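So the sequence lines, in the order shown, correspond to chains F and Z.
With full-length UniProt numbering, letter number 25 in the first sequence gets 25, and the count goes up by one each step, no holes.
With full-length UniProt numbering, letter number 71 in the second sequence gets 71, and the count goes up by one each step, no holes.
Simulated from the structure, these hints should not be mistaken for lab results.
Note that the coordinates shown come from a computational prediction; the quantities given were computed from them, not determined experimentally.
Heads up, a few of these hints could be off.
[What the hints assert, rightly or not] Once the Cα atoms are required to be at most 30 Å apart in a straight line, the calculated DSBU-like pairs of lysine-lysine come out as:
1. Lys36/F / Lys167/Z
2. Lys35/F / Lys35/Z
3. Lys127/F / Lys167/Z
4. Lys17/F / Lys36/Z
[Stated by the list, open to error] Simulated DEER-style distance windows between Cβ atoms:
5. Asp186/Z / Ser13/F: 14 to 20 Å
6. Gly163/Z / Ser13/F: 20 to 26 Å
7. Glu68/Z / Gly119/F: 55 to 61 Å
8. Gly20/Z / Asp116/F: 27 to 33 Å
9. Arg164/F / Lys36/Z: 55 to 61 Å
10. Ile148/F / Tyr183/Z: 36 to 42 Å
11. Glu162/F / Lys36/Z: 34 to 40 Å
12. Gly110/F / Glu68/Z: 47 to 53 Å
13. Asp116/F / Ala38/Z: 19 to 25 Å
14. Lys77/F / Ala38/Z: 30 to 36 Å
15. Gly81/Z / Ser13/F: 33 to 39 Å
16. Glu68/Z / Tyr183/F: 45 to 51 Å
17. Val100/Z / Ser13/F: 21 to 27 Å
A virtual CB, placed ideally from N, CA and C, is assigned to each residue, including glycine.
Residues per chain, in single letters:
There are 2 protein chains.
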Amino acid sequence: MSEAPREIEELISLMAKLPGLGPRSARRAVLHLVKKRALLLTPLSGAMQKVAETARECVSCGNIGTTERCDICTSEKRAIGEICVVEDVADLWAMERARVFRGRYHVLGGTLSALDAIGPEDLGIPKLVNRLKDESVTEVILALNATIDGQTTAHYIADELEGRGIKVTSLAQGVPVGGELDYLDDGTISAALRARKSL
Amino acid sequence: MSEAPREIEELISLMAKLPGLGPRSARRAVLHLVKKRALLLTPLSGAMQKVAETARECVSCGNIGTTERCDICTSEKRAIGEICVVEDVADLWAMERARVFRGRYHVLGGTLSALDAIGPEDLGIPKLVNRLKDESVTEVILALNATIDGQTTAHYIADELEGRGIKVTSLAQGVPVGGELDYLDDGTISAALRARKSL
Ligand SMILES: [Zn+2]
Ligand SMILES: [Zn+2]
Numbered sequence: 001m002s003e004a005p006r007e008i009e010e011l012i013s014l015m016a017k018l019p020g021l022g023p024r025s026a027r028r029a030v031l032h033l034v035k036k037r038a039l040l041l042t043p044l045s046g047a048m049q050k051v052a053e054t055a056r057e058c059v060s061c062g063n064i065g066t067t068e069r070c071d072i073c074t075s076e077k078r079a080i081g082e083i084c085v086v087e088d089v090a091d092l093w094a095m096e097r098a099r100v101f102r103g104r105y106h107v108l109g110g111t112l113s114a115l116d117a118i119g120p121e122d123l124g125i126p127k128l129v130n131r132l133k134d135e136s137v138t139e140v141i142l143a144l145n146a147t148i149d150g151q152t153t154a155h156y157i158a159d160e161l162e163g164r165g166i167k168v169t170s171l172a173q174g175v176p177v178g179g180e181l182d183y184l185d186d187g188t189i190s191a192a193l194r195a196r197k198s199l
Numbered sequence: 001m002s003e004a005p006r007e008i009e010e011l012i013s014l015m016a017k018l019p020g021l022g023p024r025s026a027r028r029a030v031l032h033l034v035k036k037r038a039l040l041l042t043p044l045s046g047a048m049q050k051v052a053e054t055a056r057e058c059v060s061c062g063n064i065g066t067t068e069r070c071d072i073c074t075s076e077k078r079a080i081g082e083i084c085v086v087e088d089v090a091d092l093w094a095m096e097r098a099r100v101f102r103g104r105y106h107v108l109g110g111t112l113s114a115l116d117a118i119g120p121e122d123l124g125i126p127k128l129v130n131r132l133k134d135e136s137v138t139e140v141i142l143a144l145n146a147t148i149d150g151q152t153t154a155h156y157i158a159d160e161l162e163g164r165g166i167k168v169t170s171l172a173q174g175v176p177v178g179g180e181l182d183y184l185d186d187g188t189i190s191a192a193l194r195a196r197k198s199l
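Just chain F, with the same shape it has in the complex (with noise of 0.2 Å):
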């Protein structure tokens, strides 16, 4: 391809790269960027440089903030007591917009996979189990995706808490059969997290 200026081949390739865009829509997108120039390209590349420049991953939870630990960790209407796990950081932002849980989070960055060979370690699960040392909690909500890696990982994550006087819950009613999370309505997680099981 070289129809087009290579700055502007460049940003397409890059564009790209985005999920949910392949190349033809990633064209359509830098097209719309260059006509709207003052109103969305120079802002956008903006806002690009100061996420690239501030955002981090929180220490304790592993949510992304701007801050060593992130604004959730660090609030005092928080609930210190309980611990809501997630696989993804769109998983914790799905949670907060159902507005119903007041505790901490801990975001695993995935789930077990004995084929993409991603184990325990790599998704901080001891570093789990030590906060739970360190802190106050009383119970652990599983919010995982209701697939089989995340089940799996949800039971994993259950027995490696059992014998520690800490309540393991998870997400019940409401998740549908092979669902995500991040693809629920607001109501739905509402539902889910109230109707909470014992595992």
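Using the hints, position chain Z with the ligands against chain F.
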């Protein structure tokens, strides 16, 4: 939405303005960008800034380039006798990918539309007529979308150019009814250009 830091929410809301990305795919894209900060986010921000600084409309044809007159208009390899009229830069790129047209272009930036009150001046049709006076053009190829507005525009331009001793043709065979150029494969565009007919 306040689940993510302000900087990230701002980036998400700007990304959601891109064609093809809604609020939820924008969130996914931004999370992906934060994870691939060095590999994707920083380069993308830089590429956008570069395009914002360098991209401009060619004063002759309306193509997007980085110079006052674009590479196609200034190329000595392109025939000066043929001008291909397209609605949009995306269509110009689609024509270039087909690699069969070796003349130059005129980008209208849209089609005539009574509904949207878009008249000939808005599309630079008088500018096209002036180009034909100044440049030694022998053929104008109308490569407009096979939509009602596209064909109305084609006929308007054909009428405007009548009696000037310029051959006016249009892409014909191969363009499906209701189809848009930018969605066609290169072979279809090639066939349509080769089988172009006089209006
Ligand atoms: Zn945190
Ligand atoms: Zn040009």
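Outcome of the hint check:
Proximity of Lys36/F to Lys167/Z is assessed by CA-CA distance (about 36 Å); at most 30 Å being required, the pair is judged violated. Simply put, Lys35/F and Lys35/Z have alpha-carbon atoms about 29 Å apart, close enough for the 30 Å limit, and the pair holds. Distance restraint check for Lys127/F and Lys167/Z: the Cα-Cα separation of roughly 75 Å exceeds the 30 Å cut-off, and the hinted pair is therefore not satisfied. Pair hint Lys17/F plus Lys36/Z holds up; C-alpha atoms about 10 Å apart against a cutoff of 30 Å.
A beta carbon spacing of about 19 Å between Asp186/Z and Ser13/F agrees with the range 14 to 20 Å that was offered as a hint. The beta-carbon spacing between Gly163/Z and Ser13/F, approximately 46 Å, falls outside the hinted interval of 20 to 26 Å. A hinted range of 55 to 61 Å holds for the C-beta pair Glu68/Z and Gly119/F, which are about 59 Å apart. Range check, Gly20/Z to Asp116/F: about 29 Å between beta-carbon atoms, so the 27 to 33 Å window is met.
Roughly 36 Å separates the CB atoms of Arg164/F and Lys36/Z, a value that falls outside the hinted 55 to 61 Å. At roughly 38 Å, the beta-carbon separation of Ile148/F and Tyr183/Z lies within the given 36 to 42 Å, and the hint holds. About 37 Å separates the C-beta atoms of Glu162/F and Lys36/Z, a value consistent with the hinted range of 34 to 40 Å. Between Gly110/F and Glu68/Z, the C-beta spacing of about 51 Å keeps the proposed range 47 to 53 Å intact.
Between Asp116/F and Ala38/Z, the C-beta spacing of about 22 Å keeps the proposed range 19 to 25 Å intact. For the pair Lys77/F and Ala38/Z, the supplied restraint of 30 to 36 Å holds, since their beta-carbon distance comes to about 34 Å. Look at Gly81/Z against Ser13/F: about 34 Å separates their beta carbons, and that is inside 33 to 39 Å. About 49 Å separates the C-beta atoms of Glu68/Z and Tyr183/F, a value consistent with the hinted range of 45 to 51 Å.
As the Cβ distance of Val100/Z to Ser13/F is approximately 24 Å, the hint placing it in 21 to 27 Å holds.
Of the numbered hints stated above, those contradicted by the structure are hints 1, 3, 6 and 9, listed in ascending order.
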